[in-house]
Structure formats: C-alpha cells, structure tokens
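Student: Sequence:
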Amino acid sequence: MQARVAVLCQELSRWPTIRERIEAVGGVAKLDELLVAVTAARPSEDSLIRELLDEVARIGDTIGLPSLTTELRGPVPRVPGARTPRVQVAWVCPAARCGRVELVEDTRAVPTCVIAGGARLAPYPPMSTSP
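For the sequence shown, this note's numbering assigns the number 1 to the initial residue and increments by one for each residue that follows.
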C-alpha cells in the first residue's frame, strides 16, 4: 500500500496537470479524500486507503493513465476489451526498462532516453501502424 501511495505522490508532484485531468472527469473528491486519509495515517484506516487507492486507480484508467497508483515497468500493454484513449496521452520508455512517463501535454518535443542510447520515447497507448 505504501508503494502505491508513493507512486501516486510522485506522479501528482511531477505532473500537476494530472490533477486537472482527474478533476475534468469528476474524480477530484475521491483523490482529495485519499490524500486526507493518507495524511491522517491511522493504521485503522488502511482498508479505507486501499479502497480509495483502487478508486483513484480506476479514475486513472478513465483518463488514460493506468499506472497512476502502481509502479509499472515499461509501456503499458493494451488489455483486450479495456477502454483505451483514442489519442496518444504520454511517452514511455522505449526499451521497457523503467516506469518513466512523460505526458504529451507537458512536453514540447518527443523526449529521449539516455539509457536507450538517445532513442525517442515510445507513444502510449501504442499507436497502431495498420490502416
């Protein structure tokens, strides 16, 4: 549970526009409830925090960020039958070696990866190359 909170904190800290995207789909009340519960940090509320993390994760799915409360490594695969955004929302590690995510709206150009020899990050969701 603490790892999920840490990932969420990191993402919200790095990308302030995530909160705006959560707000746009009506999920900011759940996010704020989670942040208050985490701040209170009472062990008796662990189950509430887990429930709220799951709800915020579902909101992340809705806005095209399925790794909002989990530490994923590399590009997130498309899940059969799952809703995916019709447009690219992020750039991810081209070598699937780390959890780096750069939101398209926060970048001016395609970011590159030093570890992958300066390769451009891969689009997320993966764009289909078939017509």
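Hints are not guaranteed to be accurate.
Computed cross-link-like contacts, EDC-like style, restricted to lysine to aspartate or glutamate with a CA-CA straight-line distance of at most 20 Å [to be verified]:
{"hint": "1", "residue 1": "30", "residue 2": "46"}
{"hint": "2", "residue 1": "30", "residue 2": "51"}
{"hint": "3", "residue 1": "30", "residue 2": "11"}
{"hint": "4", "residue 1": "30", "residue 2": "55"}
{"hint": "5", "residue 1": "30", "residue 2": "54"}
{"hint": "6", "residue 1": "30", "residue 2": "20"}
{"hint": "7", "residue 1": "30", "residue 2": "61"}
{"hint": "8", "residue 1": "30", "residue 2": "45"}
FYI, nobody ran anything at the bench for these hints, they're computed from the structure.
Student: Hint by hint, say whether it matches the structure.
Tutor: Here's how the hints hold up against the structure:
no. : hint    : verdict
1   : 30 - 46 : holds (16 Å)
2   : 30 - 51 : holds (10 Å)
3   : 30 - 11 : holds (16 Å)
4   : 30 - 55 : holds (7 Å)
5   : 30 - 54 : holds (10 Å)
6   : 30 - 20 : holds (13 Å)
7   : 30 - 61 : holds (14 Å)
8   : 30 - 45 : holds (15 Å)
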